[in-house]
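As you go down the protein sequences, you meet chains A and B in turn. Taken in order, the first sequence gives residues 1 to 201; the numbers are from my numbering. Taken in order, the second sequence gives residues 202 to 402; the numbers are from my numbering.
Simulated from the structure, these hints should not be mistaken for laboratory data. All residues carry an ideal CB built from backbone N, CA and C; glycine is no exception. Any given hint could be a false lead.
[Unchecked claim] What the simulated footprint calls covered on chain A by chain B, stretch by stretch (three residues with Cβ under 8 Å from a Cβ of chain B suffice, anywhere in the stretch; the number is not a length):
| # | segment |
| --- | --- |
| 1 | 40 to 50 |
| 2 | 60 to 69 |
[Stated by the list, open to error] In silico lysine to aspartate or glutamate, DMTMM-like type, Cα no more than 20 Å apart, as pairs:
| # | chain 1 | residue 1 | chain 2 | residue 2 |
| --- | --- | --- | --- | --- |
| 3 | B | Lys292 | A | Glu107 |
| 4 | A | Lys22 | A | Asp53 |
| 5 | B | Lys385 | B | Glu327 |
| 6 | A | Lys174 | B | Glu327 |
| 7 | B | Lys292 | A | Glu144 |
| 8 | A | Lys174 | B | Glu345 |
| 9 | A | Lys174 | B | Glu338 |
| 10 | B | Lys375 | A | Glu188 |
| 11 | A | Lys174 | B | Asp240 |
| 12 | A | Lys91 | A | Glu19 |
| 13 | B | Lys375 | B | Glu386 |
| 14 | B | Lys375 | A | Asp53 |
| 15 | A | Lys64 | A | Asp90 |
Below are the chains, spelled out letter by letter.
Protein chains: 2
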Amino acid sequence: MSDVKSTSGNTIGRRPGGEDTKSQIVAAAQACFAQEGYDRTSLRKIAVQAGVDPALLLHYFGSKQQLFMAAMLPLFTGPQLLPGALEGDDKTRGLRLATLFITLISEPSVQTLLLGLFKSVSSENEAAALLRSFVHEAVITRIEPFLPGPNRGLQANIIGSQLLGIFIARYIVKIEPIASADTKELIEYLAPRLQAHFEHR
Amino acid sequence: MSDVKSTSGNTIGRRPGGEDTKSQIVAAAQACFAQEGYDRTSLRKIAVQAGVDPALLLHYFGSKQQLFMAAMLPLFTGPQLLPGALEGDDKTRGLRLATLFITLISEPSVQTLLLGLFKSVSSENEAAALLRSFVHEAVITRIEPFLPGPNRGLQANIIGSQLLGIFIARYIVKIEPIASADTKELIEYLAPRLQAHFEHR
C-alpha cells in the first residue's frame, strides 16, 4: 500500500491489517448507504466513518459502484445464505428459499440497505444499474442452475421479480395484509409457490 | 364555466357537458401524472392542460389524491379489464390474468403512469399511500373473491406483489432477460404460476 497516494500526495503507510481495513470500509459503507441512500453517500463520508484515507477506498474497491456491490453481496451470498438454501434436498428447496428470503429482509441491516438503494432508483440511473447487477449477481445467477429448462434465465428472473415485489409490498409500499403479516405465515404461503418454480417446466 | 365559483361559496352551475368535462380532466391528469410524477404535478397544471377552471377539479374530484385514483383506476378496472379476466372459466383464469397484466403494462399510457407514481414513492409519503390504495383497490380486492381459502387477503397480496415485482423488474430496474423478454413468452410462463394461486390452498 506504500504506493497509494491520497489527494495531498502523501504516501499512506503499509498497514498490516489489510483485511481488517477492508471489512471496516465495508461495514462503514453498509451503514452509510443504508442511512443516506446510494446517491447521497460520498466516498469521503464512508472514509470518515471508517477512519481511513479516502484513497484507500478506491485502492481496494475501484469505484463507488464496486464498493456498493461489495457491501451488498455478502448480505445475500455468504455460504450460510443463498448457496446453503439452494443446495441439498430438492423437495424442500422452496421452503429453504422462502425462509431465507423472508428472514433476510426482516433484518434491519438488509432492509435499510435495500431501502437506501430504492430511494435512489429511477428509470435510467446508476442506482437502477446497481440494483440490476445486484439482483442478477446475488439472486438470478445463483438460482438458475437449480431450475428445470427450457428457459432458466427467464424463470430465475421471474423468481427474482417475485421476491423483489414482496420486499417492496412489505417494506416500501406497505400494502396490507402483507406488510404486517406474520413471518411464519408468509414463509408457509410462499414456500410451495417457490417450490413449484423448481419442479415445473 | 363562468358560473363556477370555488371558495366564494356560490352555487356551481349545472353544465350539460359535465361528463365530457370530467373525462377531459381525467385525460389531462393521466398525461400530467405520467409525465411529471405525482409529486410534481399540480392541480393548476392539470386544469391548464384540460382547459378548465382549477376549481372544477376540486368540485368533481375532491382532492389531488382522489383525482389521481380516478385517473389510474379505469386503466385497470374497466369492464374489459380485470373483472373480465377474472370471471368465467376457472381453468384459464391464470392465463387470462397473465395476458391482461402483461398486455396492460406494455401500454405506454399505463407504463408512464405507473412510472410517474414510482418516481415519487418513498417509504412514508403520499405517493406510497396512493400506490397502496391503488394496488389494494385495483388488484387485491378484485382477485380476492376468486381465491380458495383460508387466507385470501394474504394470497391476493402475494399475487399483487408478484405482478408489481414483474412491472418493476421489466420496466424500472430493467433486469435481463425479463426486460426484453417477448410478451408471449412471458405470458406463457406466468400463466400456470398465476393459475396455481387460484387452485391451491
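- Can you give the numbers of the hints that this structure goes against, from lowest to highest? 1, 2, 3, 5, 7, 10, 12, 14 and 15
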